[in-house]
Each structure stands twice: as structure tokens, then as C-alpha cells.
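Enquirer: As a plain string of letters, each chain reads:
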Amino acid sequence: MWMEGESEGLQTLGIVVVVCSSLKLLHYLGLIDLSDDKIEDELEMTMVCHRPEGLEQLEAQTNFTKRELQVLYRGFKNECPSGVVNEETFKQIYAQFFPHGDATTYAHYLFHAFDTTQTGSVKFEDFVTALSILLRGTVHEKLRWTFNLYDINKDGYINKEEMMDIVKAIYDMMGKYTYPVLKEDTPRQHVDVFFQKMDKNKDGIVTLDEFLESCQEDDNIMRSLQLFQNVM
Amino acid sequence: MAAGVATWLPFARAAAVGWLPLAQQPLPPAPGVKASRGDEVLVVNVSGRRFETWKNTLDRYPDTLLGSSEKEFFYDADSGEYFFDRDPDMFRHVLNFYRTGRLHCPRQECIQAFDEELAFYGLVPELVGDCCLEEYRDRKKENAERLAEDEEAEQAAEGPALRAGSSLRQRLWRAFENPHTSTAALVFYYVTGFFIAVSVIANVVETIPCRSLARRPPGEQPCGDRFPTAFFCMDTACVLIFTGEYLLRLFAAPSRCRFLRSVMSLIDVVAILPYYIGLFVPKNEDVSGAFVTLRVFRVFRIFKFSRHSQGLRILGYTLKSCASELGFLLFSLTMAIIIFATVMFYAEKGTKKTNFTSIPAAFWYTIVTMTTLGYGDMVPSTIAGKIFGSICSLSGVLVIALPVPVIVSNFSRIYHQNQRADKRRAQQKVRLARIRLAKSGTTNAFLQYKQNRGLEDSGSGEDQALCVRNRSAFEKQHHHLLHCLEKTTCHEFTDELTFNEALGAVSLGGRTSRSTSVSSQPVGPGNLLSSCCPRRAKRRALRLANSTASVSRASMQELDTLRRSPVPQSRSSLNAKLHDNLDLNCDSRDFVAAIISIPTPPANTPDESRPSSPGGGGGASSTLRNSSLGTPCLLPETVKISSL
Numbered sequence: 001m002w003m004e005g006e007s008e009g010l011q012t013l014g015i016v017v018v019v020c021s022s023l024k025l026l027h028y029l030g031l032i033d034l035s036d037d038k039i040e041d042e043l044e045m046t047m048v049c050h051r052p053e054g055l056e057q058l059e060a061q062t063n064f065t066k067r068e069l070q071v072l073y074r075g076f077k078n079e080c081p082s083g084v085v086n087e088e089t090f091k092q093i094y095a096q097f098f099p100h101g102d103a104t105t106y107a108h109y110l111f112h113a114f115d116t117t118q119t120g121s122v123k124f125e126d127f128v129t130a131l132s133i134l135l136r137g138t139v140h141e142k143l144r145w146t147f148n149l150y151d152i153n154k155d156g157y158i159n160k161e162e163m164m165d166i167v168k169a170i171y172d173m174m175g176k177y178t179y180p181v182l183k184e185d186t187p188r189q190h191v192d193v194f195f196q197k198m199d200k201n202k203d204g205i206v207t208l209d210e211f212l213e214s215c216q217e218d219d220n221i222m223r224s225l226q227l228f229q230n231v232m
Numbered sequence: 001m002a003a004g005v006a007t008w009l010p011f012a013r014a015a016a017v018g019w020l021p022l023a024q025q026p027l028p029p030a031p032g033v034k035a036s037r038g039d040e041v042l043v044v045n046v047s048g049r050r051f052e053t054w055k056n057t058l059d060r061y062p063d064t065l066l067g068s069s070e071k072e073f074f075y076d077a078d079s080g081e082y083f084f085d086r087d088p089d090m091f092r093h094v095l096n097f098y099r100t101g102r103l104h105c106p107r108q109e110c111i112q113a114f115d116e117e118l119a120f121y122g123l124v125p126e127l128v129g130d131c132c133l134e135e136y137r138d139r140k141k142e143n144a145e146r147l148a149e150d151e152e153a154e155q156a157a158e159g160p161a162l163r164a165g166s167s168l169r170q171r172l173w174r175a176f177e178n179p180h181t182s183t184a185a186l187v188f189y190y191v192t193g194f195f196i197a198v199s200v201i202a203n204v205v206e207t208i209p210c211r212s213l214a215r216r217p218p219g220e221q222p223c224g225d226r227f228p229t230a231f232f233c234m235d236t237a238c239v240l241i242f243t244g245e246y247l248l249r250l251f252a253a254p255s256r257c258r259f260l261r262s263v264m265s266l267i268d269v270v271a272i273l274p275y276y277i278g279l280f281v282p283k284n285e286d287v288s289g290a291f292v293t294l295r296v297f298r299v300f301r302i303f304k305f306s307r308h309s310q311g312l313r314i315l316g317y318t319l320k321s322c323a324s325e326l327g328f329l330l331f332s333l334t335m336a337i338i339i340f341a342t343v344m345f346y347a348e349k350g351t352k353k354t355n356f357t358s359i360p361a362a363f364w365y366t367i368v369t370m371t372t373l374g375y376g377d378m379v380p381s382t383i384a385g386k387i388f389g390s391i392c393s394l395s396g397v398l399v400i401a402l403p404v405p406v407i408v409s410n411f412s413r414i415y416h417q418n419q420r421a422d423k424r425r426a427q428q429k430v431r432l433a434r435i436r437l438a439k440s441g442t443t444n445a446f447l448q449y450k451q452n453r454g455l456e457d458s459g460s461g462e463d464q465a466l467c468v469r470n471r472s473a474f475e476k477q478h479h480h481l482l483h484c485l486e487k488t489t490c491h492e493f494t495d496e497l498t499f500n501e502a503l504g505a506v507s508l509g510g511r512t513s514r515s516t517s518v519s520s521q522p523v524g525p526g527n528l529l530s531s532c533c534p535r536r537a538k539r540r541a542l543r544l545a546n547s548t549a550s551v552s553r554a555s556m557q558e559l560d561t562l563r564r565s566p567v568p569q570s571r572s573s574l575n576a577k578l579h580d581n582l583d584l585n586c587d588s589r590d591f592v593a594a595i596i597s598i599p600t601p602p603a604n605t606p607d608e609s610r611p612s613s614p615g616g617g618g619g620a621s622s623t624l625r626n627s628s629l630g631t632p633c634l635l636p637e638t639v640k641i642s643s644l
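Chains as they are written, first to last, in full-length UniProt numbering: chain L, 1 to 232; chain V, 1 to 644.
It is possible that some hints are incorrect.
Coverage of chain L stretches by chain V, computed from C-beta distances (three or more under 8 Å per stretch; other residues unrestricted) [said to hold, decoys possible]:
| id | stretch |
| --- | --- |
| 1 | 92-102 |
| 2 | 151-159 |
| 3 | 176-184 |
| 4 | 208-215 |
Read the hints as simulated data drawn from the structure, not as lab findings. Just so you know, even glycine gets a beta-carbon here, dropped at the ideal spot from N, CA and C.
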């Protein structure tokens, strides 16, 4: 039926068909990806939406008045219509205030201090609770919040490495162009001075009580705690 | 979110009366309802336009902003209405959703703006009614495609600004993806393109008959057989280059699995595989037949050109996006072919010595006729055959013409998108420069403020007070924040020039006195500046460690001048809250949980240089002259930017 010499051509055809169909099969199985556009997948993502508790509840739980809560919420909602802040957005917001340097590391630690339940997103309630402590709370509460911020792994103690990370993050925010020029071991020296002051029993870690005690002994700190009292 | 479920609640509760006789235990007491105020009219004020509606209407959808207690956050007790600072035209659609249960999509608004409004009011995009859903989806997809391109273009343009600390892998990958970033990448790009062309041409040429002087004198031989070594060497060289390129890309890819699965890498593999298979396959007669067919796959190397050619990629993308239309075309053609082939076969069956020996043989005739090729190697001879043949050719024209406009319109849409993207890429540099300019305003505003503040301490005329006083409340707080950070770290913010000079001083180990009063380009209105803030020059002179090298560098950097228009108030939509946080021994540090619309960059770009001030009072070489946002200061607003 076939002319002679046709077998090679038919073999080629056969190989082409086999290869194409196996590629298609693999594509359907998901092992390879023949399509380049990933846009359709993202279109179908549903939005996580969170609504905060009522105004009265929040007013009772925090030290803000209704008006202040309203103002806070409007700003929050403007930036995050879905009702939650994720770490990326938080970092971006924070970075806008420190254009000179790199604020992302510090924003990372801040985010984890805000996110008390470690869910990866900060809701309006968490936000407002933390603000209430920091703006209107007692000295004790503020200091405890700060201790929690420094304690990166939340084990109840601050050790030198955690402090180093925090201090380096702060120095990162200064950026490159500072006066006097930032030296390599400036953060380390800073941490050493801090530890000398805070670590009463010189065991290399700072507990909450040591921290509270040392801060209360320092007039500078006490005075500056009152600085932002009436900011709202 | 079930539509309007809340309105049917009374009905459901009334229906529960039917359970009463059957209940074996006493039913729980009903929840106490607040003394309901009956139905009341709520006023919603959206940017001045008042919408009034029943409270019940809004309560229909309790998991949206307007239906839940979240709207209390926007309640203005003084005027007794809910105030939203959003677009009133869009709000109309949102409110109509509550009223009618169907969310319609406005035709003339930008789909992104509509999406943002939906997100704000807590409405899920799936609520868009069926009448508008298709259009919504299409417009959104179009937008998303366009934005994805924009992002790619921006990333490509900002590629050169990568940190120096990127590893070899990252740099290699960047060189592969954007050949224009470095000369080596460009060279590599052209070399591979050249070798692809060489390989394809070699494939083509080796089949051309060359006159052979050996063995069969009168005959001709394909060139490939006449010069087998030459072609083999060329093939080897090309394959080596392709293999090397593939391995390098594999090494540099940020996600190797994804790279392995992508189309381009598959093409690469298919292009080089036949050669290696040919190397390892023994040259015996049985297998060499299959080996010969494998050489056909060498033609796939031509697809490697799609990395080099934008047009090919567009074509490929078009074909992919028109896949359904092409499939329909294919399917309808196949149906028609089978029908007509069968008919022709039976019509011509009676004829002796006919070409239509079987139905598959008639397929060829049908295809040739339907596509109006008409080779003429098979023609019907019976009358019935000719009638059916003419019907076949007429219908062929129709069937093929139908899906073509769809494909064409798809192609034109994608092509125009690419045109636009190219134009945007060309204008990217100017755009980036302008953005950088706007951003630098904020960074320099603080430094400006510091100097002004410094002058405040030394007590002087009203000019400084003007500059300092006219900052907005937000600016004041932001500057206070930065000031606190400085005090925490016991370092101060400075500009790049000072930094480099200080660096130079540190390395040189001394401060050379200011020998030359440098004023490379005295800026006219700069005189105004020096008179406005006279002490600043002296203060800078004291602070700067002089080095003429850096100053001449500054003047060399001034290649372009952009007159900076007053930067628009970038912090207009702001709710600034400053909050406190405690800190180490020096001072308080604070963090801010406020919102700014325009993002600012991480660091000063090295492209900017400061204009030098005129001689004035003692030859300060450079001063910071930037208008802070919106300050109606007497500062000239000129900043020199180096070549873009």
C-alpha cells in the first residue's frame, strides 16, 4: 500500500505525534508548565476580609475615645481595605518614614511585636491595642511592650544576639550617609553599653525584672516615655 | 454571602410556629431585641453627596461595611450622618447593590478604581451580576496583563540599580534575562543568536545538491555527504555552545524546577538532544533509520530565536491565547473534510482509473479544494463529483474565514500592548528621573529642616522662621521622629557629599582647610538663598572637611539641569499618628503607624549632586538646596541631576 521509502517519513511523523502528545500529557499532569501566563490564576483569588469589633467594645478595651478610634480606623482602612495588614504592607508603610536607610528589618521585628497571636497578619484590634499601650498606657505597660519587642524569640529573656539584631536593624535605618561615619563595630559597642547597664547580675541575659528595674532607674528613659503622650 | 437573607428572617421565625406542637422540650427563650426604633432613614454622605436609604436596606448584607457595625467608625456625631471620603459616582453602584441585589459594573470607569471601591466597602468581586460579569472579567484580565508588563518593564529598567552584593548567580541570571545590562551579556546574546543562525543554515545547506567529483561522476550528492566532516564540526560547535548556554542558564536560574519546566528550556533540550543521541547510537543499519528521522528535530533550534525576537514571542502568545478559536477551526474543518471526502469518493467510485481510490485518498482532494489551493492532481470527472466539488470549495472559503477575524483582533490587541510597552520603556528613564526627584524631596526635607533648625538656635531673622514654621504638622512630627532616631544612634543624617568628604577626611587623616572658594556654577537665584539663610554657609564650612576632589566631582556630575516644579503634596491623604516606643540609654525612639500615599526610596541615589552656592559669605562649596514639600520658602527650586 505504501511506496517504498515512505517508512522513514512515517517514522518521523510518528515520533512527532508521540512527542507532542506526551508533552501535552505531562502538561495536563502538571509536571511541566507549557503556559506562560499566570494571570488567570491570580484573578480568582478571593480577598481575605476582616471586620473589627464594634466601636464600643474597642473603646472599652483601649484608652482611646470614640473619635480617636474613628480617625485611626479610617486611616487603617484606607491603606488596607481588607482589614488586615500583612508583613509586606507593614514594611512598605514603615519604609516610607525612613527614606534614608533600610527600615525593613526593624519593621519585621515591629510586626512580630504587633502580631501577638503570630498569625502573620495584624488586625485592627491588635493594632489599636498596641497603640493604646504605647500611647496611653502606664510606664510599666510600655516597658513591658518594649521588652517584648526586644525578645525576638519570645522566650522571656533578652540575650546579646537578639539585642545585636535589634540594634543593627536600627542602625540600618540610618542609611549610609551619616555623620560621623558609621563604623563596623558601632552597633556592638552600643549593645555592650546597653548590657552593662541592664544586666544586673551579669549573667549575659536580661530578664523582664532587670529590664524594668534598670529602666526605672534611668531618668532619661523615664522622661522620654512621656514625650509622645499627647500625640493624637 | 446569601443575598438578602436578613430580610427573610421574620418569615423563617414565623414558620417556626409550626414546630411548637411537636416539640418535646420547652423551646429556649427568644433573644431580647433592643427597643427597635422602627425603620429609620440613614443619611450617607459621600464626599458631599448625600444618599438616604432605609436602615433595613443596608442590613440586608451584614458582612459588608455598610451592613455591619463597621460603619459606626465613619459616623459623624455632629451631623448625624455617615461620612465617607470616597468617590460618589462609584458609591451609586454600591448602594444600588443593596437596593436591587445586583452589582453592576460602570462602563466608563477604570476597572481598577472600581475594584478598590469594592474592596473598601467589603464587597467581593464575585458579586458582580451576570449581566456585567463577562465584561468585568475581560477588563480586569486586560488590566492585569498590562500591569504585569509594566512591572516587568520597571524591573528591567531598575535592573542596573542592583546592589553590589548580589551573588554571581543573580548577576548571571540578570545578564541572561536582560542582555542590555552589560556588554558581556550583550556579546553573549549576539553570539548565541549567530550560532543559532549558523546551525539552521547548516541544516539547510547540507541538503543542497553539490556536484560530486568522486565515485559517481555524473551524479549529484547532497553537500552534507560531500563534506561530512565540515558539517559535523559545525554541528558539534553549535551544540557545544547550546549545551554550555543551557547549563549556565540552569545554574543561574533562581528556581531550577520552574526553569526546567518552562517552554524555552524544553526547546533548548529538544534542540541539542538529537546530537547526543546520534553520538551514542551505534551506526548500524536498523537503528540509523530512526536516527535519521531524529535529525529533523534539529530544526527546532530555530525556535530558540524567540528569545531574541519580540515578534516571535508575540506571535506565539497570540496563538496560545487564540487556542480555542484555532481548535474550533480545526474541528469544523475536520468534520467538513470527512463529509466531503466520503461524498466525493462515492460519487467517483464508478469511474475507471479514478484517483479517488479510497476515502483517505479523497481527503487530500478535499483539503486542497477547501483551502482553495487546487493543485489539480485529483479532479472529479463525473457530473455529481463536479457538483459536490464546487460545493466543497465554496464551503471551504466560509469555514476558514470565520475564526480568522477573532485571531486577527487578538493579535492586534497584543501587538498594540507591546508597542505601548516599548514606548513606555523608552520613556522610562525620564520617568524614573522624575520619580527619583520627587522622592528625594522627602529625604532632603529633613536635612533642610535640620539646618534651618540649627539656625533657629543661633537666633536670627524672620526668614528662617518662615522656612521652619511653614512645615505642616505632619512634617514637624516626621522630622521629630527622625531626630529621635538620630539621638538614639548618636549619628546624624547627612547628604552624600558631606559623607564622602568625611570619608575622605577620615582616610586622609586630616582636615585640609578650604583653599579654594568653589562656586563652579553660581546659580542666579542662589543669592537669594544665601541672603535668606546667611549663617548656613558658615555652618557648612565648619562642618565640612574639605577636599577639592569631591567638589570637582560634583561639578563634573552636573550635566543636566532640571527645573523642579514644586513637588505636589505627597502626604495629602494622611492620618499621621506618632507613637512612642521606648529605648536604649540615649533617647526615645518612636515608630509611626501612619499612612503615606507615595512611597519613598531607601537611599539617596548617587546621581544627584547639589548645586553649589555662590561665593556669598565665605565660599561654602555646597549647600543643600531642596524645597521641602510645599514650603513656600524663598528657596529656588533647582536641583541638578547628573546624566540619566
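Enquirer: Taking the hints in turn, state whether each one holds.
Expert: Now for the hints, and whether the structure bears them out:
1. 92-102: holds (count 11)
2. 151-159: violated (count 0)
3. 176-184: It holds: at least three residues are needed, and the stretch 176-184 of chain L offers 7 whose Cβ sits within less than 8 Å of chain V.
4. 208-215: violated (count 1)
Comparing the model with each earlier hint shows violations of hints 2, 4; every other hint is respected.
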